[in-house]
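Here the protein sequences come in this chain order: A, B, C, D, E and F.
Going letter by letter, the first sequence gives residues 66 to 352 in the numbering used here.
Going letter by letter, the second sequence gives residues 66 to 352 in the numbering used here.
Going letter by letter, the third sequence gives residues 66 to 352 in the numbering used here.
Going letter by letter, the fourth sequence gives residues 66 to 352 in the numbering used here.
Going letter by letter, the fifth sequence gives residues 66 to 352 in the numbering used here.
Going letter by letter, the sixth sequence gives residues 66 to 352 in the numbering used here.
Errors might be hidden in some of the hints.
All copies of an identical chain are treated as equivalent in the list; a pair is satisfied when it fits inside any one copy or across any two copies.
As the list claims (entries may be wrong) - In silico lysine to aspartate or glutamate, DMTMM-like type, Cα no more than 20 Å apart, as pairs:
hint : residue 1 : residue 2
1    : Lys331    : Asp115
2    : Lys239    : Asp346
3    : Lys239    : Asp272
Everything labelled a hint here was simulated from the structure, so no lab data went into it.
Protein chains: 6
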Amino acid sequence: MNPAYAPTFAVREVVVRALAEDVGPLGDLTTALLPVPDAQVRAAIVARADGVLAGRQCAVEAFAQVDPSVGVVWHADDGDPVTAGRSIAIVTGPIAGILTAERTVLNLLSHLSGVATLTRRFVDALMAAAPDAGASVRDTRKTTPGLRALEKAAVRAGGGRNHRGSLSDGILVKDNHLAGLTIDVAVAKARVLYPGREIEVECDSLDQVRQAALVRADLILLDNMSPAEVATCAAWLREALYPGLIEVSGRVTVDNVGAYAVAGAKLVAVGALTHSAPILDIGLDLR
Amino acid sequence: MNPAYAPTFAVREVVVRALAEDVGPLGDLTTALLPVPDAQVRAAIVARADGVLAGRQCAVEAFAQVDPSVGVVWHADDGDPVTAGRSIAIVTGPIAGILTAERTVLNLLSHLSGVATLTRRFVDALMAAAPDAGASVRDTRKTTPGLRALEKAAVRAGGGRNHRGSLSDGILVKDNHLAGLTIDVAVAKARVLYPGREIEVECDSLDQVRQAALVRADLILLDNMSPAEVATCAAWLREALYPGLIEVSGRVTVDNVGAYAVAGAKLVAVGALTHSAPILDIGLDLR
Amino acid sequence: MNPAYAPTFAVREVVVRALAEDVGPLGDLTTALLPVPDAQVRAAIVARADGVLAGRQCAVEAFAQVDPSVGVVWHADDGDPVTAGRSIAIVTGPIAGILTAERTVLNLLSHLSGVATLTRRFVDALMAAAPDAGASVRDTRKTTPGLRALEKAAVRAGGGRNHRGSLSDGILVKDNHLAGLTIDVAVAKARVLYPGREIEVECDSLDQVRQAALVRADLILLDNMSPAEVATCAAWLREALYPGLIEVSGRVTVDNVGAYAVAGAKLVAVGALTHSAPILDIGLDLR
Amino acid sequence: MNPAYAPTFAVREVVVRALAEDVGPLGDLTTALLPVPDAQVRAAIVARADGVLAGRQCAVEAFAQVDPSVGVVWHADDGDPVTAGRSIAIVTGPIAGILTAERTVLNLLSHLSGVATLTRRFVDALMAAAPDAGASVRDTRKTTPGLRALEKAAVRAGGGRNHRGSLSDGILVKDNHLAGLTIDVAVAKARVLYPGREIEVECDSLDQVRQAALVRADLILLDNMSPAEVATCAAWLREALYPGLIEVSGRVTVDNVGAYAVAGAKLVAVGALTHSAPILDIGLDLR
Amino acid sequence: MNPAYAPTFAVREVVVRALAEDVGPLGDLTTALLPVPDAQVRAAIVARADGVLAGRQCAVEAFAQVDPSVGVVWHADDGDPVTAGRSIAIVTGPIAGILTAERTVLNLLSHLSGVATLTRRFVDALMAAAPDAGASVRDTRKTTPGLRALEKAAVRAGGGRNHRGSLSDGILVKDNHLAGLTIDVAVAKARVLYPGREIEVECDSLDQVRQAALVRADLILLDNMSPAEVATCAAWLREALYPGLIEVSGRVTVDNVGAYAVAGAKLVAVGALTHSAPILDIGLDLR
Amino acid sequence: MNPAYAPTFAVREVVVRALAEDVGPLGDLTTALLPVPDAQVRAAIVARADGVLAGRQCAVEAFAQVDPSVGVVWHADDGDPVTAGRSIAIVTGPIAGILTAERTVLNLLSHLSGVATLTRRFVDALMAAAPDAGASVRDTRKTTPGLRALEKAAVRAGGGRNHRGSLSDGILVKDNHLAGLTIDVAVAKARVLYPGREIEVECDSLDQVRQAALVRADLILLDNMSPAEVATCAAWLREALYPGLIEVSGRVTVDNVGAYAVAGAKLVAVGALTHSAPILDIGLDLR
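Start from the sequences and build out the full structure, keeping to the hints where you can.
Structure below.
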């Protein structure tokens, strides 16, 4: 059990849906042309670029659903680096089953490995710039609809941490909430209604930071600030002996993620990890 | 009925799943802090970058599922250009419903508009370079699992064409099939088994192109060739009076898409449209 | 992998539904009366009439879902002829599991074999009358709701070909479309929007046939014509050097299917294959 | 609420599935060619043969799911006779929605009306031959997988009665059960385990009839007997003052159904009602 | 096959749902802290109170869905008594899988065993007070939504009998129906529409009992009567040679259930079996 | 939007399932006997005991799914007290729809109101004994499978707080985890992996309490201790200036819940709220 794995039920659900969608009602018309569909073949799943693997369970499940006699031997697990041109796994079994599952397997592996790879780039950049800051990269709720559990697992595979799984498992007071709520009321009410739960407040200005610190929000999310602005807020919070965590979001790139950590952020939230990661190119080569 | 819309059943299914995933078992903890959850507010859905809209139906459905009393007035439809800073729609209704649906709405709109926007960039580049070529940009089966119907609709919104919906609705003989099949057998067998269906053959070399043309494949997919190589193949095919369509895939970028059309491709298949499109940044601003 | 098999996901989905429906909330009240429910028995699945087998995967799946310890040894595969009184398969295992699954297994086998059997009758009649015509029998979208993938597989088992899997995978301009569209606009627009896809036009008269041929529709569907009328249209098309395929539909029976092929149809679409096939009577006899 | 209607949840489930299956991932390619998809049209749902209507709820639901602005005015309800050439309903609304829903609507209406029509033929034949017998036609569990609730409703629309809904709601000891159970033990045990539930015993011979009557089975199902054999059994049962009901199954046709009632059967079970009913031909004509 | 088992499909469906609900999108955060998640451990499922076991299939299914390598050896089957402090089963396998499945397994076992235990208490009390009455305890439709099949199986495990599985499988004319229907019309109509099905009539008074007996309802349900009132009705029915069964409901407790049987009830319906049974406390102890 | 409401998607899902389960394939046989099924009636939903309402949304949804023309006017909302004999709502509409939905509506209302009522009893007892303790009653993950979201909402209606929604949204190190993990490692690792999330440690002894406090677990769960033992632990923690929250679980009853609060617990977790709450008796009376 790799802690970067997604819950089994989520893997199964996504794979059932993905296969139904990709195979369609008439089955794989092209593969049905093969004269010997059960001919045993050997294929390699190969990275065509460097990156980080994620989604191995999905590949296992997809082959199993199409043809349980397909076997897969893995050379890497979720979270491991993969190298362009090197095989990630060897697949053996009937050619028809392997080819029918191929695209679903690759779509899942390459999308999720893309998320893990981008996460790793952010993590590495942060660690290079601020190795002792004790800071982490986090995902957001900006995930691809239907794939949250898998994408959040891929973020873990890339070395990132998970923010909320859903609106049910964390309080984050954002700017739009403040249209109908003040920071102090929000935190006070949340303390009563949700005892023992972290309370995070998004702040756009030092003034809001002060309000949030005053009522002892557990986390303060500095949104859309430059590293310099973050440093100012962090300095103020340090003086105020604020015991919580500083998180930043918005405007974060691989180039400046380290600067945010240096500036005092313990958590750097990056929506792009899940909403804009390009795939890691992965192919399947019949031998 | 905009032809760039996805089938209604697909919209409903994706939205049900997305909301369940994002709201979670305890509901929206933060929004539940609002003292007047039914306070009527007005919000704008705003593009934060230039691009092309897609996913409008999803936004409508998501608001309706969370709170049918939320109203949305649109300033743009799927396929329309949107401009950074300009509002796409005005949303009115109870603040709680709007905020609970917000992330699901934005995740869908920004992902699908990202696909439409990238498609439009490819289409525009192709048209600029080869306005009279009569060539089109096509998607592939490299879609995000669970979202095929919606992403293929977003490609249409961007001005692209759809390739196969699934393995059931088109024959495409790829390199891996040729491990167990020759081109002439594949095409001959497909003509018998699938009368009236297009037959496409992926070719990596001029030699394969000759074989495919000889057996009158309806489409020839030139994979991973440079524009120059495509031009060579196209010249040969022209001489051979090949009546079918030339498609290219692999290595295509916004920069060279036009060159492929100039070289003779009538269809340019771009997996990145759906597997690597960054989101179009779209936000919701309470007024 | 028999090419007449349906996609695995479709088999699983239908069987889950069928068993839930047939077993009900309290389980099999009658079988629960057996004093020794785990008594090992041997049963034969027996054809009670001559026909063609289809649905074998469904039977395997249904027994497995009810009791994975039930074993089945098959004497025939989908597409094989079966003879009245001869056993199709031998089933061994606990009596309770076999009896609880019995009706679901038989309902699926007998319905799908009914479709395959009727298809084979049409195919045989066509081949007897027009052995050298190179014509085929095709199904339509007139399938039983929820069973399309399985019924289309059964048509293949019977030697028929599949028409569209859904509205997504083929253009067929029918009479009702012509209320809002002319044939030439339809074909021209489809060529642009759906490059590489077959375009079929339903024609009720020679005049429409001329229009469709003029714009080079890939297939012309002659609807509700007699063989003589088809022959007239086919003669005209031959003279016009029309390169596409002629399909007929409507009024086709086992008695006249050959006449249509002789008249020039390359494809004979028969809705009755899936909407009106009586079952092939199949029973299960405990030994 | 017509008692021949199926439960609402079943109608919804079947229609969702049927539409997803028929529309497919890319939507209705042909209808998308219409220049004015929202053009208001008027269409008639027309019977092309005489019969009995069933499935009206399904048609309503299918149009509503595709486009809620489509309106339907009905001239007949489930169970009403329909006449070839006469309109069953008038449909008005946008042409695109009507054409996309058309096949799903017609597949459901024509299949279910086929069941109702065949049922009515059996019922009418029985009543003509034995008007005073107080006998009824019943369905069986030989229904099309996934459509049981709808087909059993169609049987009611045709004037038939429903046998068991599932294995959970009635005891029917069949020949295969007797491989592991005697009739007297079965009935005795069932009386204890299922107090207040009907117990039916299938009998192939007068000897079995005697056993079943002796233990006071509530119903005796005479299987695969001729009317004369049924008469013999019925006479014996009358003498034995058997208070239960006599049902027959197997070998029943429209021609002999009356003879079975005359012979003493109060219930005539006909699997063909649901497993082999040809459709009632119903079309949709745009005006 | 224990007749107290629920249908397999119902077990699977409930367990899939229960696990998805309990594990959530990010997986088991706490178990993911284990340094050696695959460490093999041995655990006992232990009753913490005396009772009757039910739900064993659910436990098997839940462990299998989380980690198929977990093994379970059972010391008791559904319907068996369990004793406080004694182990019901021994579970062996990877610690992570066992701990992630633990709560789902225990929630199902303890809820269903709670139902079985309460049922057994009613059954024992009835048998102690009226050992020769031939009376039984029955459940009702007052089950926990989504769990009917499992709870009705648990009632069987406790020695109770099942009343209707749904509104589809039995006629029970209740007081609210009599707002629109008289008893004699109801029974007469039901005899025609539902031949061979039991007809039960709920009666609140001796007058209603007379009406129901007159029209020979198969069962008479005396609702909310004291044992004395039941005795009065039973005496009247005995004199009237009423051949059906007397059932009682309402006001029944463990203390008076025997008195109802003594008074003449053959069936005692107890909603509390499924709507108000406290759990049987069951835990999992790692060894 | 009452914050005690469950998420809409959860309400819909549960009601769809509950109705399908309760209505069954043949529909409501008894209600189908009504001569005038559309007769308009008026009914009251009436509490038959004092308690707290929960589940109103479910009732609304169930009536709407069965018959959208049924109207409901409510006299109470979730969280409001209801009094024996007083009406909670007035329902008007066609008698058939109301009677078919009746049991599903009542099963949901009475189960969820049972949870809310028991919660309120614990809350009231705690407040009576320790009005100034600032302590709350919490639920656990011991919920009825499939109903977690609804039961947790009912706990809120009763004035309780929600503990974790799932294993994904909180760290709780329990005794079984300690078989493979020490408290200090668990907390240290969780701080790194799950920044900003509460970490709770279950302790069975003062020694464990010391370990947990030393590593600054956010919450300490004292399991299966008496109020006196809790007081001892709390005193020690106060001296140690432990800033986190003390929660207790196990052995808590309505009688001693106040004593736990007096002893120093800020949170009292009660599994019985959801696993053993008897229903609140609620009926529907036709007027």
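Okay, the hints, checked on the actual structure:
1. Lys331 / Asp115: Close neither inside one copy (28 Å) nor across copies (33 Å); limit 20 Å.
2. Lys239 / Asp346: between (36 Å within a copy, 18 Å between copies)
3. Lys239 / Asp272: Intra 15 Å, inter 41 Å, cutoff 20 Å: intra-copy only.
Checked against the numbered hints listed earlier, the structure breaks hint 1 alone; every other hint is satisfied.
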